[in-house]
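*Asks:* I would like the entire structure built from these sequences, with the hints used as guidance.
Listed below are the residues making up each chain.
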Amino acid sequence: GGIITQTPKFLIGQEGQKLTLKCQQNFNHDTMYWYRQDSGKGLRLIYYSITENDLQKGDLSEGYDASREKKSSFSLTVTSAQKNEMAVFLCASSIRADTLYFGEGSRLIVV
Amino acid sequence: GDSVTQTEGLVTLTEGLPVMLNCTYQSTYSPFLFWYVQHLNEAPKLLLKSFTDNKRPEHQGFHATLHKSSSSFHLQKSSAQLSDSALYYCALSDSNYQLIWGSGTKLIIKP
Chain A
1 GGIITQTPKF
11 LIGQEGQKLT
21 LKCQQNFNHD
31 TMYWYRQDSG
41 KGLRLIYYSI
51 TENDLQKGDL
61 SEGYDASREK
71 KSSFSLTVTS
81 AQKNEMAVFL
91 CASSIRADTL
101 YFGEGSRLIV
111 V
Chain B
1001 GDSVTQTEGL
1011 VTLTEGLPVM
1021 LNCTYQSTYS
1031 PFLFWYVQHL
1041 NEAPKLLLKS
1051 FTDNKRPEHQ
1061 GFHATLHKSS
1071 SSFHLQKSSA
1081 QLSDSALYYC
1091 ALSDSNYQLI
1101 WGSGTKLIIK
1111 P
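Protein chains in written order, with my numbering: chain A, 1 to 111; chain B, 1001 to 1111.
Calculated directly from the structure, the hints in this document are not laboratory data.
Predicted, not measured: the structure shown is a model, and the values here were computed from it.
Mixed in with the good hints, there may be bad ones.
Stated by the list, open to error - Heads up, simulated DMTMM-like pairs for lysine to aspartate or glutamate below, C-alpha to C-alpha not over 20 Å straight-line: (1) A:Lys41 with B:Glu1008; (2) B:Lys1106 with A:Asp65; (3) A:Lys18 with A:Glu69; (4) A:Lys9 with A:Asp38; (5) B:Lys1045 with A:Asp98; (6) A:Lys57 with B:Asp1094; (7) A:Lys57 with B:Asp1002; (8) B:Lys1045 with A:Asp38; (9) B:Lys1045 with A:Glu104; (10) A:Lys41 with B:Glu1042; (11) A:Lys18 with A:Glu52; (12) B:Lys1049 with B:Asp1094; (13) B:Lys1077 with B:Asp1002; (14) A:Lys71 with A:Asp54; (15) A:Lys41 with B:Asp1002; (16) A:Lys22 with B:Glu1042; (17) B:Lys1049 with A:Asp98; (18) A:Lys9 with B:Glu1042; (19) B:Lys1045 with A:Asp30; (20) B:Lys1106 with A:Asp38.
*Replies:* Below is the structure:
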């Protein structure tokens, strides 16, 4: 079986700082996703990528950048961290939009 | 556009009682429907997926029936266990690269 690895598990930064989360998958899936999880609001799509070097914006892309450097990795950058952005960020991969496989999440803390 | 509605944000039940979590959807197509489960401090993972041939998917005692006439895919279990306490998401596939997510239902099972 495969695995999705997100680093770091906890990311602490200062307000206004640029912060980057990384995601690696060994499923050999083409499609990868970044979601933001806030309590009571479900999973909101930030960016997704259907193949290497592709980027598609989700509903919540403002304030974020993403990069699909190679098929197995997908990174997300918070361009200017704000205190109201403290949330859990989930990376996932899939074959098209069938079964998604998620990482355990990265928690962003802004001080 | 497509949407998924989970009306209950929190459901609290006593162990041994039946579980039903509601999910209704709107779609211009005949989508696939999914239930994902997320236990505390774990990654979300697929619990059930609808079939194209009207079979009822089952996993770990949970089942869900896709009713196209009422646009519903409610999650059911005959007898709740303490280990069922988790966050449950209903989602639909738009047959492209995205899943449309409900807002989630937190299920708490008490002894």
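*Asks:* A separate judgement is required for each hint: does it hold in the structure or not?
*Replies:* Status of each hint after checking the structure:
| no. | hint | verdict |
| --- | --- | --- |
| 1 | A:Lys41 with B:Glu1008 | holds (12 Å) |
| 2 | B:Lys1106 with A:Asp65 | violated (31 Å) |
| 3 | A:Lys18 with A:Glu69 | holds (19 Å) |
| 4 | A:Lys9 with A:Asp38 | holds (16 Å) |
| 5 | B:Lys1045 with A:Asp98 | holds (12 Å) |
| 6 | A:Lys57 with B:Asp1094 | holds (16 Å) |
| 7 | A:Lys57 with B:Asp1002 | holds (17 Å) |
| 8 | B:Lys1045 with A:Asp38 | holds (17 Å) |
| 9 | B:Lys1045 with A:Glu104 | holds (10 Å) |
| 10 | A:Lys41 with B:Glu1042 | holds (18 Å) |
| 11 | A:Lys18 with A:Glu52 | violated (23 Å) |
| 12 | B:Lys1049 with B:Asp1094 | holds (14 Å) |
| 13 | B:Lys1077 with B:Asp1002 | violated (27 Å) |
| 14 | A:Lys71 with A:Asp54 | holds (10 Å) |
| 15 | A:Lys41 with B:Asp1002 | holds (17 Å) |
| 16 | A:Lys22 with B:Glu1042 | holds (18 Å) |
| 17 | B:Lys1049 with A:Asp98 | holds (9 Å) |
| 18 | A:Lys9 with B:Glu1042 | holds (12 Å) |
| 19 | B:Lys1045 with A:Asp30 | holds (19 Å) |
| 20 | B:Lys1106 with A:Asp38 | holds (13 Å) |
Figure legend: structure checked against the earlier numbered hints; hints not met, in rising order: 2, 11, 13.
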